[in-house]
Amino acid sequence: MGTVPIFRNKDFLAGLIFLAFGWAAIAIADRDLPMGTMMRMGPGNFPVLLGAILGFFGIYLAARALGGPRKPRQRVVWEWRPGSCIVTSMLIFGFVLPRLGLVAALVAMFFVAALGGREFRFREVLALTAVMTTFAVGVFVLLLKLPFQVFPGRYLVW
Amino acid sequence: MVENLALGFAVAFSLQNLAYCFAGVALGTLIGVLPGISPVVAIGMLFPLTFTLPPVASLIMLAGIYYGAQYGGSTTAILVNLPGETASAVTCIDGYQMARQGRAGPALAVAALSSFFAGCVGTLLIAFVGPPLGEWALQFGPWEYCALMLMGLVASAVLAHGDAVKGLAMVALGLLLGIVGTDVNSGWLRYTFDLPELSDGIGFTVIAVGLFAVAEMAINLESREPREVFTGRIPRLMPSRHDLGDSTWPTVRGTALGSLFGVLPGTGPALSSFAAYMLEKKLARDPERFGRGAIEGVAAPEAANNAAAQTGFIPTLTLGIPGSAVMVLMVGAMTMHGLAPGPQVIAEKPELFWGIVASMWIGNLMLVVLNLPLVGLWVRLLRVPYRWLFPSIVMFCCIGNYSVNNNPVDVYLCAALGALGYVLAKLECEPAPLLLGYVLGPLFEEHLRRAMLLARGDPSPFFTRPISLAFMLGTALVLFAMVWPVLRQRTSA
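Top line first, the protein sequences correspond to chains A and B.
For the record, in the first sequence the residue sitting at position 2 is 237 according to this note's numbering, with numbers rising by one throughout.
For the record, in the second sequence the residue sitting at position 47 is 728 according to this note's numbering, with numbers rising by one throughout.
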């Protein structure tokens, strides 16, 4: 007890993420972008600098986690369900809206998002969806006149 | 000065702008009161509502949302012991104790009144300090801008709560996200992965909503709903003469402290409210009252965070360099309307600058007038369960992002950034420095390139030009303050 596996260590994981972003930034800039000179900095110059800084901090964090004492406070406990439900519901919304219109997109979004909550009561979600969808159509489409298709099919475009 | 303020009030008192100010304050409070929604999220969510408005009206409304949300945050701090944002975390300590002792009314009233006082002082400060500062900033060359931005970025990373190294890494990541898109100098596409949607860069609402709203919801859903809502009726709203006397000087001191902190880049309301609380505790004759419902513990931090919120507009409006996440949102809003915030704004668009300044004061006044009588309504809102709220927030995030370009790619990106933000938040990396880096990224690079070009590749002007040197020394000081405790520990151990 008391020790944290390294792949559960917050500092180590954060370090890895930063290192990955830094490395990717440098690799892509190196492949695609001219560096220029000190006097005329090219489009690749600043990104490489930032990538190096980011990578340095990443290595520092990871090394510190490897070398330092493993405190239990450093342990990260993931809980995937809420986050993945919300993210999935957003992806579904983006996919459905241009194809089947706002109402269908919102119904799908609400039900998937609500699955991420602590409790899922079907009737409650249904009522919530109905109220908020009406609200969205009223405010965003009728009032603010955002160019959304509301229902599926060509003839019901507002 | 006087005619400028008069111009401002003429703009702000137009029926249309008054209406937007009112709408902003009301919506802001409404959303800020709902548990688990911070001002940044509130602004990010309601941001798309203001697209279609004229620039002045849109900024006035956003500023109103900000005050409203902040005020709503202190209401939840007092009544539910749930800070809407870090800035009102300190208010929880004594505010909630007061509520439990049946003094919720006076606590809310004092919070509102001290915020109002601080807001008035802050507005005056903007009116007096802004223009000279803007004029001074007109002499800035690219070196000074670079150095100033560097100082702000480093300060935001080091002073944010949590690990300073992670903060600095988040700044670097933010700067990188900021330069995605077409390079303005050369026309090269950078990090766009052949997606045409990315050639204009990652949208501002995408980042703000993804990192703050989406990630925050995922985090909120992990904890059980903290539901010890103060359900009793609020018997008496107005504080007694004694209460008012007790909170006068703390309010003044909090305002002074907050105004100072607000102007400094990277510090913002959270730090100032904490500092104000500590100061009052130090000065009090009987410090043990603090934490048990001392009214000073509500008045001082509330004044401080509102003053800081207000004076935070000074660097934002005059230099174009935002100091906190919310100010970043304001700059984003200005940029979307084609206004580049900076010293030229005051001279070229006086009606915009002074209109916003005046409307801030009006917004503060509306808060007091609107919110105190409506406390009962806000209390009822507190009981809305989070499982109804968060899908609705998701809806606003989706529609908001979709409507910016009428393109689903923005929604996908926002979801992806939300996932990234969630992971980073779990690893105790603060999102605010990243957002600051994201907004300043292109500006920083542009000034850096110009500086290098003008000096023919020689970096020494950064350290030989006096103003630039001063900012560099400031940066060094902040970095030293971060390293010092570690060094001291090493040598003594």
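Hints were generated in silico from the structure; no laboratory data involved.
Predicted model, so just to flag it, every value in this text is computed and none were measured.
C-beta: ideal position from N, C-alpha, C; glycine also.
Take these hints with a grain of salt, some might be off.
[As the list claims (entries may be wrong)] Among the chain B residues that face chain A by a calculated CB cut under 7 Å, a handful are:
no.	residue
1	853
2	1059
3	1062
4	1137
[What the hints assert, rightly or not] With the Cβ distance kept under 7 Å, some of the chain A side facing chain B (calculated, not the full set):
no.	residue
5	292
6	294
7	325
8	326
9	367
Checked hints:
no., hint, in the structure
1, 853, "holds, 4 Å"
2, 1059, "violated, 20 Å"
3, 1062, "violated, 15 Å"
4, 1137, "holds, 5 Å"
5, 292, "holds, 4 Å"
6, 294, "violated, 11 Å"
7, 325, "holds, 4 Å"
8, 326, "holds, 5 Å"
9, 367, "holds, 5 Å"
The structure is inconsistent with the numbered hints 2, 3, 6, although it conforms to all the rest.
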